[in-house]
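As they're listed, the protein sequences go chains A and B. For the record, in the first sequence the residue sitting at position 162 is 161 according to numbering that gives the first Met the number 0, with numbers rising by one throughout. For the record, in the second sequence the residue sitting at position 105 is 104 according to numbering that gives the first Met the number 0, with numbers rising by one throughout.
In short, the hints are calculated from the structure, not lab data. Ideal placement from N, C-alpha and C gives every residue a C-beta, glycine not left out. Please note that the accuracy of each hint is not assured.
[Stated by the list, open to error] Dumping the calculated DSBU-like pairs for lysine-lysine here, alpha-carbon to alpha-carbon at most 35 Å:
id, chain 1, residue 1, chain 2, residue 2
1, B, Lys404, A, Lys5
2, A, Lys408, B, Lys344
3, A, Lys202, B, Lys310
4, B, Lys344, A, Lys310
[What the hints assert, rightly or not] Stretch by stretch, here's where chain A covers chain B in the computed footprint (C-beta under 8 Å, at least three residues):
id, region
5, 68-76
6, 96-102
7, 226-238
8, 259-265
9, 333-343
10, 396-403
[What the hints assert, rightly or not] Between beta-carbon pairs, the in silico distance windows are:
id, chain 1, residue 1, chain 2, residue 2, range
11, B, Lys249, A, Asp77, 37 to 43 Å
12, A, Asn176, B, Gly27, 58 to 64 Å
13, B, Lys341, A, Asp336, 56 to 62 Å
14, A, Gly395, B, Ile38, 29 to 35 Å
15, B, Lys202, A, Asp145, 52 to 58 Å
16, B, His362, A, Asn176, 46 to 52 Å
17, B, Lys222, A, Asp77, 47 to 53 Å
18, A, His392, B, Gly251, 48 to 54 Å
19, A, Gly312, B, Ser174, 19 to 25 Å
20, B, His362, A, Tyr311, 49 to 55 Å
21, B, Lys341, A, Asp145, 36 to 42 Å
Number of protein chains: 2
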Amino acid sequence: MSIFIKNIQLNGLVTHIRIEGNRFSKIGTDATPSTSDTIIDGTDKAILPPFYNTHTHSPMSLLRGYADDLPLFTWLNDYIWPFEAKLTPDDICIGTRLSILEMIKSGTVFFNDMYWKEEATIRAAKEMGIRAAIGIFAIDSLGLKDIDQKSSGANKQLSDAPLIQMTISPHAIYSTNKTEFQRCAEVAKEHNWVLHTHVSETKKEVDDCLKEHGCTPIELLEKYGVLDCPKVILAHAVHITENDMEIISKHGSVISHNPISNMKLSSGYFPIQAALDKGCKITLGTDGCSSNNNQDMREEMKFASIRAKEKYGAESIPVSTIFEMATKNGAEAFDLDAGEIKEGKLADALLIDLNNERMVPCHHLLSNWVYAANSECIDTVICNGRILMQNRHVDGEEEIIQSVKKRYK
Amino acid sequence: MSIFIKNIQLNGLVTHIRIEGNRFSKIGTDATPSTSDTIIDGTDKAILPPFYNTHTHSPMSLLRGYADDLPLFTWLNDYIWPFEAKLTPDDICIGTRLSILEMIKSGTVFFNDMYWKEEATIRAAKEMGIRAAIGIFAIDSLGLKDIDQKSSGANKQLSDAPLIQMTISPHAIYSTNKTEFQRCAEVAKEHNWVLHTHVSETKKEVDDCLKEHGCTPIELLEKYGVLDCPKVILAHAVHITENDMEIISKHGSVISHNPISNMKLSSGYFPIQAALDKGCKITLGTDGCSSNNNQDMREEMKFASIRAKEKYGAESIPVSTIFEMATKNGAEAFDLDAGEIKEGKLADALLIDLNNERMVPCHHLLSNWVYAANSECIDTVICNGRILMQNRHVDGEEEIIQSVKKRYK
């Protein structure tokens with residue numbers, strides 16, 4: 000399959016772009032289509048890289064609006080966990096499909112997921128044609144044996160899913176013990192998988208860790224040898240010290256910053272500018288729908304950026320920085336040769352409608368995109384050279400909506 | 000003109016709603032249409048009150064993305080003011096039309112505006128059929144004579160504009176002197192107009208005021224007699240003391256909280272919970288597009304709510320509170336008998352698409368609306384009994400977009 004996008008704006012100039020297979024093969028006014036190309040008219044549209052969401056729990060779309068405005072432990076103990084205990088693999092598949100639909104409609108082509116019964120999440124991601132990193136969930140209640148069993152069978156499960164990679168996902172230092180964490184690290188090293196965990200999300204977690212282990216959660220992960228894994232995603236990392244930042248930076252671990260979840264759950268503020276100054280790699284994630292309550296990475300960019308400005312000054316975290324975090328940095332963290340519109344890169348892209356009222360006037364495209372736009376400005380989503388949305392329609396979306404409505408009447 | 004909305008969800012139940020003239024005349028399953036009614040099928044839709052934006056500078060849509068990520072005074076002196084100096088009345092009309100288009104598409108039916116050359120803003124608001132309060136701008140460079148001249152001629156200008164009310168809008172205590180402020184207060188009392196001003200937006204403003212006048216800006220406005228006006232809108236009110244809050248509460252003045260602008264310009268944080276606890280009336284505003292950079296009140300609700308949660312705890316400022324601020328409280332502040340879907344109230348409403356992916360599942364409609372939705376979930380906007388948008392289309396929108404694009408090629 001090949002696609003020819005004619006008269007599209009890229010970096011302020013009108014050009015043509017050809018996609019062959021799953022990569023951008025030619026960008027330039029001299030690009031020409033082949034007779035079998037699918038032609039897209041890019042007039043009054045701009046092409047931008049899409050989003051790479053580095054932390055979510057996609058099935059939790061089913062809990063959207065189920066419990067808000069509650070203190071953390073009431074929220075978890077009385078609402079979220081009892082609801083989740085009832086979810087079947089089919090429910091999880093339905094919830095993931097809903098989240099993926101939201102992601103596509105808001106310009107995301109990749110998500111990094113952590114949840115129970117990951118085979119149901121894999122099923123949904125395969126169906127929907129989006130990139131995903133799906134975690135083998137590790138937590139005390141599942142135990143070591145589960146890690147071994149699932150990790151040895153995982154690659155087989157993905158033999159027909161070139162867009163999906165496995166990760167190993169220990170939940171957090173307070174819920175996954177040292178032996179399990181270290182087994183996860185071995186698995187990550189053996190398979191060259193990402194290791195994905197929550198860390199330093201709340202002050203309580205850090206205080207408890209200091210009391211029990213005499214060190215911060217980040218220091219503990221370093222002691223465990225977890226940070227020696229080739230690719231580590233640290234979700235939240237809200238309460239981190241300067242020393243923690245140095246450790247993260249030294250190991251090349253990647254932070255997934257989830258500003259909306261952190262604000263909504265009152266977890267605290269991730270010191271984004273300080274972490275950048277220490278050389279930490281930062282990406283963005285939405286977290287699950289019960290603490291956000293959507294999967295909209297553009298909204299996440301705006302929150303991350305302007306909350307940083309409130310704290311550090313109006314000139315801090317400019318649009319180019321936050322845009323890179325949400326796009327290129329996310330792709331890089333998962334070894335995806337994507338996140339930029341360049342010849343040779345994987346063909347992931349958004350076509351933005353420059354006639355949407357939020358995109359005019361267009362003094363600065365990225366400023367409009369980060370601060371003024373919303374998902375409605377996205378006309379087309381391309382993932383791995385395949386059109387997932389065009390004219391804001393995703394194939395099968397009505398059926399996904401109806402299946403969720405039927406389940407939660 | 001009358002409208003019959005059948006099978007619409009209101010407070011979780013399916014009902015019918017009839018609008019006669021500019022008011023909701025009948026709500027109930029026993030409501031019946033007249034043969035001349037415009038029929039709207041409300042199946043799979045919910046009706047909600049729309050937004051009342053209590054602080055903006057609508058022509059500034061023209062500056063969207065023109066200057067971001069800059070320190071406040073560089074931003075103003077080197078970018079905003081030189082740009083604004085070149086704006087003609089026709090530019091201002093074009094910019095206001097663009098803002099109003101954005102407002103309608105994002106569910107706002109009323110805006111409170113402060114800008115130069117207000118006759119151009121009035122022209123745009125009349126054309127677009129939206130409610131507005133438009134300020135006679137008072138600032139040292141325009142002087143007393145201008146206030147007198149404009150205020151005496153204002154009511155005539157509005158004889159054919161039943162949806163528009165004038166306000167008197169002294170810019171701020173550092174830019175509008177005591178004599179002018181007091182003349183504004185006289186005008187407000189004489190005409191029973193809202194007096195609309197910026198106050199305590201930055202720490203510098205407060206520090207300078209303490210140095211010059213020995214009191215806070217709020218205390219100064221009280222001394223001037225400004226707070227004795229029947230209706231006062233205080234925009235921003237970021238740096239206010241407990242005593243300031245008591246003064247505001249005592250006089251029944253209304254705060255327009257603009258969280259996105261305050262964060263983006265790094266102005267500081269309005270202590271929303273403390274002000275509520277002191278009994279202050281709080282509404283929401285977007286501020287102008289150069290510091291936001293859109294006119295989206297739903298986004299403003301989400302920012303206001305979750306930033307408050309970060310500060311005060313996850314249970315603070317629940318959805319019902321923030322929703323009232325953005326709807327009913329805003330209408331009340333301008334003596335509009337609107338902001339609620341009730342028989343007898345002015346017929347302002349949004350019809351929300353319950354099949355949008357962000358609105359399912361629907362455990363809690365308002366939670367989905369505040370935290371998960373975006374403007375795309377709004378199918379229909381009704382203002383004063385007239386349909387301004389249906390199926391997300393506003394009459395004339397293409398021409399507005401093209402006029403702005405032509406002006407800023």
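Could you check the structure against the hints above and give me the numbers of any it violates, in ascending order? Violated hints (numbers, rising): 4, 7, 9, 16, 20 and 21; every other hint is consistent with the structure.
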